[in-house]
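Chains as they are written, first to last, in this note's numbering: chain A, 1 to 393; chain B, 394 to 721; chain C, 722 to 1017.
It is possible that part of the hints are untrue.
[To be verified] Dumping the calculated DSS-like pairs for lysine-lysine here, alpha-carbon to alpha-carbon at most 25 Å:
#1 545/B / 105/A
#2 199/A / 209/A
#3 139/A / 105/A
#4 147/A / 210/A
#5 147/A / 209/A
#6 545/B / 49/A
In case anyone wonders, no lab produced these hints; they're calculated from the structure.
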Amino acid sequence: MIAEATTHSTPRPGAGDHSGKARPGGAMAAGEDSSVSVRDLDIAFGAHKVIAGLDLEISPGEFLVLLGPSGCGKSTLLNAIAGLLDISDGEIWIDGKNVTWAEPKDRGIGMVFQSYALYPRMSVEKNLSFGLRIAGLPKSEIEARVKRVADLLQLDGLMRRRPSELSGGQRQRVAIGRALVRNVDVFLFDEPLSNLDAKLRNELRVEIKKLHQRLGNTMIYVTHDQVEAMTLADRIAVMRGGVIQQLGAPKDIYRRPVNRFVAGFIGSPGMNFFDGALRSGADGPAAELGDVRVPLSRYDFARPPKADGAVVFGIRPEHIGLGEVPEGHFACEGTVDLVEAMGADTIVWTSLAGAPLTIRTDGETEIRPGETIRFSFDPANACVFDTATDLRL
Amino acid sequence: MSIDATSSREPPKGASALAFRSGSADDRATPSRHRERSATRGRKPRRLTIGRIGLYGFVAVAAAFFLLPAVVMVLTSLKTMPEIREGSIFALPESFDLTAWIKAWSSACTGLDCEGIRVGFWNSVVITVPSTIASIAAGAILGYALSFWRVKGADVLFAILLLGAFLPYQIFLYPMVRAFSMVGLYNTLACIVIVHVIFGLPIMTLIFRNFYAGLPVELFNAARVDGGGFFRIFWNVMLPMSTPILIVAAILQITNIWNDFILGLVFAGRENLPMTVQLNNVVNSTYGEREYNLNMAATILTAAVPLLVYFVSGRWFVRGIAAGAVKG
Amino acid sequence: MTAPRKRPSTASLMLVPFWLVVLVAYVGTMLWTVQISFTASKLLPVDVYVGFDQYHRLFSSTRWLVSMQNAVIFGVLFITGALVLGFLLAVVLDQKVRFENTLRTVFLYPYAMSFIVTGLIWQWLMNPGLGIQKAVRDWGFESFSFAWAVDRDMALYALVLAGLWQASGLVMALMLAGLRGVDEEIWKASRIDGIPAWRVYLFVVVPMLRPLILTAVVLLSISVVKAFDLVVALTNGGPGISSDMPAKFVMDNLFTRQNIGLATAAATVMLITVAAVLVPWIYSEYFRKVRAGAAT
Ligand SMILES: Nc1ncnc2c1ncn2[C@@H]1O[C@H](COP(=O)(O)OP(=O)(O)OP(=O)(O)O)[C@@H](O)[C@H]1O
Ligand SMILES: [Mg+2]
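Starting from the given sequences, assemble the full structure and let the hints guide the process.
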């Protein structure tokens, strides 16, 4: 399995190195060296347009995560790539071939589903080999491939069982195995771990990550779990309403969200937002949040700021510190309203400029409600959005 | 026909106790649930209140109303004609006399032939078996195609079929007779089988479509990715999961086709008249003295097959009703 | 676009024979029937068009008018009777009575039998000389009369009674399923509020069972429209035409009286009547839900 998979995929730098690399060329050249390329995709169910004009290039060996709230069209996009639904317009290329109207089996993809979708009346072995038998592969070849996958996923003892006799984690491993035996370059995962309990989810997440590092296949992975997205992805595509809001490395998405939606969607607890206005003063620009003034001289503006514009100022709870105020940080005081101990962390609720503010601090804190605390953050870590467009400034 | 209860992918509401999938499991679950409920309703079941007495009174009357005809039927069939003429219809037979049964089976007269109801019995068997198999096959394939394969116009096809299920046969019969005559099939076994398949198609399609609509689409998608085509997915993935609905369909079709009268009368031809038609001939067009004991024996014999299906199938029969009791 | 377009799939090809069946056997025959109804056809269909003459004949025929009236009376009594009886039986069975399973079997078994069998059983029970009437009179109730099937005034009610016996179990089964689906919490809440059980049944449960009741009504209505077997077996439309029904009227004129034009006109009237009720029902009950549930 491993040997074959690597011969299929082009040599590439190790996983994780992609993030910084520039994506290949402009529109004309798009897809030349892409593993999966989606161009100007439209999908409608009846009159209901779910995806409109979506473009996406995924390079060989990349682990791409589609992240977004429920109903934003993640599954729809994945199913379109798999050929499981008819698209309204656009093109889909996989491995340099136009597969827009190809049958799912001819696209060179394997797919893992949220509900496992194992064939209930077949043994694990039959489940794994079903596709190969349909393809009419020789018996010896089928056996060899099934065996390799079984070894890879530790399914050896389970081959004769029916899916109903397996635990959730085992079922999902079989489902992954069913995609693996196909020896394809592209794997599609539709929320494969969301039916599992937290512990199993972590285990299998690690297993999938290892699998990707070993096989080097292209993987497109749908989830609405941020942790999965951040840990697995080379790049994350954050979607909303059928539109990709931001496509980039997990770190970029976290640090430099392009708009307020992405900023609020990533991170837990969510980013603190404050309405305010941008003012320019002698010491450079500053955000005025009510009677509080946060200097933004250290802030890296993405576009030249318009003075006096209404803005939304955001700062993540984990970027706010207590106690000592480092050089150049903005500091303020507030009364503690609520303290939520979460074990490893503690969430402290206070307020800034009249709006609630959460601070994430270590689990050992002694802070009590009613106390006045002094907190501080580096304005360079903040995000400032134009109120009118929601775009990051 | 319980379109609501079974059609959509929404979790079943009303008739959830009749849902197909968790078949035996929900049968087992019912008694305990019921126990819990009566406890919560706070009426101690054993205590005899006025209401409770009234309740059992009603139950007794109702049970008598439903049972009496069957009891009388059996009693009558075991009596001799003089006994019937002399005694009360409720009186027990003096001796256990099976003569009427034997006569009914092997020598009762339907018009001029006196070969008994057995002719009709075998005709019905010969009609029911292929009709049931063929109509289930057709309904399963169409139901599967309609629920998993996005085909243009499928909705229209299904709507026409559904509508057809509700219309009186009289609107279709005469042109069908003409059409079958034209191709030389009229009054043959093939003719009546085809007619049963045609008129069974709506209900069969409906129940299979609803059943397949309740299965996860992801299963179908997985099979598509594995390279399964229309028939491969049907045969290897869907059919092995369809046992419950196949049982329901078989129960529905066996009883529907066995109990059919009008289609057999019009399309089967003299040689193949089904048991119901023969029975009606035995009872309603005999000349000379009426033999009521024989009539009742013949009636019981005719009802025997569907009754057997009913008693053997138990709860499955009820499920069949809920799944789509669209029968005529 | 350079991409190859989608080929017709096996699934579309599979639908072709079904389309043929539907278009020929359902739509085609229906249109043909309507067409014949505008001709002067007697024994065989002819192409002499006579406009609405057959319909004039139809509606000046006493027999047709009586059978229409009978269908309405039978329909109203049969449907309300079966609904009420079936619902009562279901409620009773829902009270944790003993022998619940046996009772359910007893209430439902007639539904497994054909209308022919039902008709013949009740014909025997209503036999004027030897049936229940005689037995009861022999017990001393001289004026008791139960020979309904041969009584001009009662024959229609004989059909209703036999129909109720056969079909009430169906309603019972449907309703019982519905009652078992009623949320436990509702009973708990009503107990805490001190609402008597009968009120809960009437004002809370019945509205919840609305879809099932509608289903039952539709099913029973179909039996009314198709009422032919039961009539043939029990009264054969008699005495005289006192228990005739539209379906039987059509069958007689088609196959014994060689009056095809008239028969098809009658069938067309039946069709229109049913369609007038059905189309809105199917539309509202079915297609609305399909949208919500969305296939595939
Ligand atoms: N077969 C269908 N018919 C009509 N609308 C559909 C169909 N499938 C999906 N939709 C609609 O398309 C939109 C996107 O659905 P999709 O399943 O892709 O969401 P998702 O991002 O995968 O959500 P989730 O996280 O809940 O799985 C939703 O608004 C949904 O209602
Ligand atoms: Mg989804």
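Note to self: residue 147/A and residue 209/A were given as a pair; does the straight-line alpha-carbon distance stay at or below 25 Å?
What the structure shows: OK: residue 147/A and residue 209/A at ~21 Å, within 25 Å.
Residue 545/B and residue 49/A: Cα distance at most 25 Å?
Holds. Residue 545/B to residue 49/A sits at ~19 Å (cutoff 25 Å).
Quick one, are residue 147/A and residue 210/A close enough, alpha carbons at most 25 Å?
-> Holds, at roughly 19 Å.
**Report entry** residue 139/A paired with residue 105/A [C-alpha distance capped at 25 Å]
**Finding:** 19 Å, holds
| said: Checking one constraint from the list: CA of residue 199/A to CA of residue 209/A, max 25 Å. Satisfied? | reply: Distance of about 16 Å is within 25 Å: holds.
Satisfaction of hint between residue 105/A and residue 545/B, Cα-Cα up to 25 Å
22 Å, holds
Checked against the numbered hints above, the structure breaks none of them.
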